[in-house]
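Asks: As a plain string of letters, each chain reads:
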Amino acid sequence: MVELSGNLLYASFILYLIGTFFFGGAIRDKKGALEKKQNKWAVIAIGLTILGFVAQLGYFITRWVASGHAPVSNLFEFTTFFGMMLVAAFILIYFIYKTPALGLFALPIALLIIAYASMFPREISPLIPALQSDWLHIHVTTAATGQAVLSISFVAAILYLVKSVDQTRRSKKTAWLEVIMFAMVATIGFVIITSTFSAIDYKANFKWVNKYDEEAVFEYHLPALIGPHEGELMTEGKMEPFVKMPAIIDANKANTVVWSLFSGLILYVLIRLLFRKRVAAIFKPLVKNVNLDLVDEISYRSILIGFPIFTLGALIFAMIWAQIAWTRFWGWDPKEVWALITWLFYAAFLHLRLSKGWQGEKSAWLAVVGFAIIMFNLIVVNLILAGLHSYA
Amino acid sequence: MKEVVNCVCGHVNPHGTILCESCGRVLDETQKDSKMIDMRYEGSARRSQTYNKSIIDKIWNFFSSVKVGVSLIVILLIASSVGTIFPQEQYIPPTELPEVFYEKEYGFSGKLYYLLGFHNLYSSWWYLICIAMLGTSLLIASIDRVVPLYRSLKKQKVSRHDGFLKKQRIFGITKTDQQDIEFAELKKILESRRYKIKEENGNLLAEKGRFARWGPYVNHAGLIIVLIAGMLRFLPGMYVDEVLWLREGETKGIPGTDGRYALKNNQFKVEIYDKKNKEDQTFNAAIDKVGTIVKNYQADVTLYEKEGNTLPGEEAKFKKVKDHSIKVNNPLKHDHYALYQVDFKLDELSEMSFNLMNKNTKETFGMITISLDDPKTMYKLKDGYSVELLSYFPDFEFDENQEPVTKSPIPNNPAFIFNMKTPDKPEGEVSFVAIQQTLEPLGENTYKMAFAGVDTRNVTALTVRKDLTLWIFFLGGAIFMIGVIQGAYWNHRRIWIQRKDGEIWLAGHTNKNWHGLKRDISMTLEGTNIDEPEDQLEPKNLGELEK
Amino acid sequence: MDKKQRRLIMRTSILVLLGAALVFSLYANFTKEKVAAVQKGEMARDFVLTDMDGNTHKLSDYKGQGVFLNFWGTWCKPCEYEMPYMDKQYQKYKDQGVQILAVNVGESNYSVKKFVEKHYLTFPIMIDKNKQVQTAYKIDPLPVTFLIDKNGKIIDKLTGSLSEESIQKHMERIKP
Chain A
-1 MVELSGNLLY ASFILYLIGT FFFGGAIRDK KGALEKKQNK WAVIAIGLTI LGFVAQLGYF
59 ITRWVASGHA PVSNLFEFTT FFGMMLVAAF ILIYFIYKTP ALGLFALPIA LLIIAYASMF
119 PREISPLIPA LQSDWLHIHV TTAATGQAVL SISFVAAILY LVKSVDQTRR SKKTAWLEVI
179 MFAMVATIGF VIITSTFSAI DYKANFKWVN KYDEEAVFEY HLPALIGPHE GELMTEGKME
239 PFVKMPAIID ANKANTVVWS LFSGLILYVL IRLLFRKRVA AIFKPLVKNV NLDLVDEISY
299 RSILIGFPIF TLGALIFAMI WAQIAWTRFW GWDPKEVWAL ITWLFYAAFL HLRLSKGWQG
359 EKSAWLAVVG FAIIMFNLIV VNLILAGLHS YA
Chain B
9 MKEVVNCVCG HVNPHGTILC ESCGRVLDET QKDSKMIDMR YEGSARRSQT YNKSIIDKIW
69 NFFSSVKVGV SLIVILLIAS SVGTIFPQEQ YIPPTELPEV FYEKEYGFSG KLYYLLGFHN
129 LYSSWWYLIC IAMLGTSLLI ASIDRVVPLY RSLKKQKVSR HDGFLKKQRI FGITKTDQQD
189 IEFAELKKIL ESRRYKIKEE NGNLLAEKGR FARWGPYVNH AGLIIVLIAG MLRFLPGMYV
249 DEVLWLREGE TKGIPGTDGR YALKNNQFKV EIYDKKNKED QTFNAAIDKV GTIVKNYQAD
309 VTLYEKEGNT LPGEEAKFKK VKDHSIKVNN PLKHDHYALY QVDFKLDELS EMSFNLMNKN
369 TKETFGMITI SLDDPKTMYK LKDGYSVELL SYFPDFEFDE NQEPVTKSPI PNNPAFIFNM
429 KTPDKPEGEV SFVAIQQTLE PLGENTYKMA FAGVDTRNVT ALTVRKDLTL WIFFLGGAIF
489 MIGVIQGAYW NHRRIWIQRK DGEIWLAGHT NKNWHGLKRD ISMTLEGTNI DEPEDQLEPK
549 NLGELEK
Chain C
13 MDKKQRRLIM RTSILVLLGA ALVFSLYANF TKEKVAAVQK GEMARDFVLT DMDGNTHKLS
73 DYKGQGVFLN FWGTWCKPCE YEMPYMDKQY QKYKDQGVQI LAVNVGESNY SVKKFVEKHY
133 LTFPIMIDKN KQVQTAYKID PLPVTFLIDK NGKIIDKLTG SLSEESIQKH MERIKP
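Chains as they are written, first to last, in our numbering: chain A, -1 to 390; chain B, 9 to 555; chain C, 13 to 188.
Excised from the complex, chain A in its bound form:
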């Protein structure tokens, strides 16, 4: 069952990947870009996406059966579920607006998220007492669904910005757009580097002195560019670090971050050299048939759909469960605070849009910031900020 589950996830990944290319084909055809009539490419593309979603749903159900609890209990499971709901939200929006261009950006982002998820331990882990509640399923799935729908607004915003930002001259806008592109490239870099070194089973142990002046051991799974405080390599024949960190910094995590940025930078420079264009400019011709006004509406609409779901899952259900498991419904735990921050941000977005008339490009940049906050929740809050929710 566990094996079947893994294969289904793998199949869905491949299907999304192929689906992306078909969406690419769909928008090259002028006919397909218009919303009313879909061309053949688009029909195949959305068909593949749905098939992929069904496969991933199969992964989810079989893993649930195998483990006896909804597979949303660790970082791998949560992140893949988030990716799955992102695809689901895309399918929903696709059937409302029939815009293949959205798929061209939504599927790669879902792929990146699922790939990122796979870098974390994938064993089926049992539930600790705090997680043994039906509210685990209810709270986590609703919160992830809300975040996924909100993320669609980012996908639409990227589409908007790629089309609307003037690439003929350098500006702040092109620079920020490149930052977004770089973040995605760096994620690819992280995935490539991590899976390469895990394939060759790289392990290097370091003896180091922690902030309490005690000796400790770090196991590195990537060659150490950055070593721990007074670190001493204990595994023979492995790389010595270039610099050593002070004791209060987790050198192992810092090393992973540096590797991701570094490999991302190499990839990014390669792409720039190859195309002799900004990355966003490479995509620009693909979106020439996109109706900006429609994309803006998709972005806004997905926030309107996602905001209530997010509130329900990440705040209300979360509070009900916290009252049962942790004795109080609100305790200013970092994850709770970041759920509140996400909520406040989208509330501000809605007010700016409704009352200040921030539409179009301004609204698109805001959607990008919103997604950055969601990603901060997923990555930084889970792995770095200490708290009750910590997966680290």
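These are calculated hints, taken from the structure and not from any lab test.
All values derive from a computational prediction rather than experimental measurement.
Treat the hints with care, since some could be wrong.
For each label pair, taking beta carbons as the anchor points, the in silico distance ranges come out as [said to hold, decoys possible]: (1) B:S117 with A:M232: 50 to 58 Å; (2) B:V155 with A:W62: 47 to 55 Å; (3) B:S117 with C:S72: 39 to 47 Å; (4) C:I21 with B:F219: 26 to 34 Å; (5) B:F116 with C:K70: 54 to 62 Å; (6) C:S72 with B:K327: 48 to 56 Å; (7) B:G524 with A:M(-1): 39 to 47 Å; (8) C:G53 with A:V255: 52 to 60 Å; (9) B:I490 with A:L265: 45 to 53 Å; (10) A:N208 with C:Y93: 53 to 61 Å; (11) C:A49 with A:W62: 48 to 56 Å.
A short list of chain C residues far from chain B (calculated; beta carbon distances all over 12 Å) [claimed, not checked]: (12) L27; (13) K75; (14) D107; (15) Q144; (16) K165; (17) G172; (18) K181.
Cβ coordinates follow ideal geometry from the N, Cα and C atoms, glycine included.
On the provided structure of chain A, position chains B and C as indicated by the hints.
Replies: Quick look at chains B and C alone, frame taken from chain A:
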């Protein structure tokens, strides 16, 4: 300042009105030249904009502004994120002093964090003031908008001014000589699409989902209720938060219940996932990797209630209320109180046993068992042998004068001074006995107290909680959800259809989701002879070139 | 009343209400720890405890006398320091209508007895075995002393170790 604005249609509008409440004619000069009109709040006069005289009006108008509201949200958002950089004081280990902890753990930035008071950010005065200001803004901005909006939606007329129609985003003109037939047909279709139809002078207004417009005000009301609930929590008696440490076998009064309830801990246990259990074998890989994974923390308790009125300290009669197994996610609930499993201590010492032994011959003369909660002064053994307990230190350490003292009354590290009386040493021999340590302060002894075993028990820590404000929070949350769904999932759509000579004018407006409105209109017009209206924001209508 | 005036009154009252709510919240937030504890000025909660000699002491029976109500533990150094001073003052004031009641926070008879013997204490010492009295008085750090006047009102709450001088001063305060 003019108090009222008269429209040519005869309607008298309050000062500050942009569009006549009745016919929709553009009253605000600055709006007359724009291609489309601003339909927010129906162009009604927001009260805050009307009067700006006294200081009260100025404060009022400040809080009524959306700009101020959004700024407050952003300030709160940034402040909240600062509080997550390092853990808040409540999450640092209870044994640590905050003034030491932050610097030790996070260096200079930690020290700064502590000095700026960010370790208690969410209960700081400035954070509370920000929340209060946001609450004020929620209330005032809502009052200021909902009243005029309600008025203008209620007063709206079917026949609208030409300019009003022309400047709608969706607008189209169809030439026809069969107005009556078309109108009857349209009316039928729109009704079947669940539009409410109003007719006047042969013109039509089809409207649907007006209640979506109240969504924002409903959800703001919910939020205000939540804030009120937060405030009520400060009232005495509304909120109890206590901790109860309870040893196995022990019965104690439950703090916060004023002596009314007592709890007995029958058993406390910790279970872990075990590869030997069949149902746990799915998790073998994870168990191998992580090691010990806890499956269950459970305190089996009995709840008692006092009968009659007694004073604290007075012997009282208790009657059993119920048995319960308190687990994480399964608190014991009774009479607004809830008891939660939050912490524990395994294997606390409860009894220690020693043999009185001759050091040379290893011959023993009987065993004494000391209850660490209630030790006795004298332990008699067989004829002529006895052990006197001279001193007892439940949590022993040496103080600065190298005197044995106890750090606490909890038997974490018990130590004893015995006087062993035997027939050959009737005065007794003094021995100091601690865990893995024996001292003979008054010279070499013949006898010793040989360690013979311990008995332990587990201790559970329970949080005692009463929160009478919960239902108010829940009510506020529910109202917020209703409001936010009402505002987000429904749209207020209006279609005006008017006859001019030989023409049918059609205009449409929605507060959001224009795609849906356009689809509604095009499905309505399908099969009629009326042309589909244009979206005046479409690029081709704006005259923009595709890049 | 015209419309404008009515509006002004409504706005003023809403703002005043909100302002009051803010002041209340801030005040309550900063006094929440103090509110939780028993404060001076309150009436002392009545209780009944039995001392080491088996005599029962009910606080309300001491109406008309001052009561020096002390909570302590044998492991608590500051408690230990003040005990001999308390005993000296007890000798002086017991005939002047001041009673000392020293409540141990629930240790074993053995420990308390040894402690009493060590310091030759003569005032009534009682053990609050099931911790009901300390819960009623919300005792946290030790030692704590409540000065209770002849009417049963707590006139002061003293935390930390007391010197002989200050004990004498406090005895004067509750002397009837």
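Asks: For each hint, tell me whether it holds in the structure or not.
Replies: Status of the hints after comparison with the structure:
For S117 (chain B) and M232 (chain A), the Cβ-Cβ distance of about 31 Å falls outside the hinted range of 50 to 58 Å, so the restraint is violated. As the Cβ distance of V155 (chain B) to W62 (chain A) is approximately 51 Å, the hint placing it in 47 to 55 Å holds. Our hint of 39 to 47 Å for S117 (chain B) and S72 (chain C) is violated, since their Cβ atoms are close to 56 Å apart. As the Cβ distance of I21 (chain C) to F219 (chain B) is approximately 32 Å, the hint placing it in 26 to 34 Å holds.
A beta carbon spacing of about 58 Å between F116 (chain B) and K70 (chain C) agrees with the range 54 to 62 Å that was offered as a hint. For the pair S72 (chain C) and K327 (chain B), the supplied restraint of 48 to 56 Å is violated, since their beta-carbon distance comes to about 27 Å. A hinted range of 39 to 47 Å holds for the C-beta pair G524 (chain B) and M(-1) (chain A), which are about 43 Å apart. Checked against the given bound of 52 to 60 Å, the beta carbons of G53 (chain C) and V255 (chain A), roughly 58 Å apart, stay inside it.
For I490 (chain B) and L265 (chain A), the Cβ-Cβ distance of about 48 Å falls inside the hinted range of 45 to 53 Å, so the restraint holds. Checked against the hint of 53 to 61 Å, the pair N208 (chain A) and Y93 (chain C) fails, with Cβ atoms roughly 40 Å apart. Distance hint check for A49 (chain C) and W62 (chain A): the Cβ-Cβ separation is about 50 Å, which falls inside the suggested range of 48 to 56 Å. The Cβ of L27 (chain C) does not lie farther than 12 Å from every Cβ of chain B; its closest approach is about 6 Å, which violates its non-interface assignment.
At roughly 14 Å from the closest C-beta of chain B, the C-beta of K75 (chain C) stays outside 12 Å, upholding its exclusion from the interface. Residue placement check: D107 (chain C) keeps its beta carbon more than 12 Å from all beta carbons of chain B (closest about 26 Å). Not every beta carbon of chain B lies more than 12 Å from that of Q144 (chain C), the smallest distance being close to 4 Å; the non-interface claim is violated. For K165 (chain C), the non-interface assignment is confirmed: its Cβ lies about 18 Å from the closest Cβ of chain B, beyond the 12 Å cut-off.
Every beta carbon of chain B lies more than 12 Å from that of G172 (chain C), the smallest distance being close to 18 Å; the non-interface claim holds. The beta carbon of K181 (chain C) is kept farther than 12 Å from every beta carbon of chain B, the shortest such distance being approximately 29 Å.
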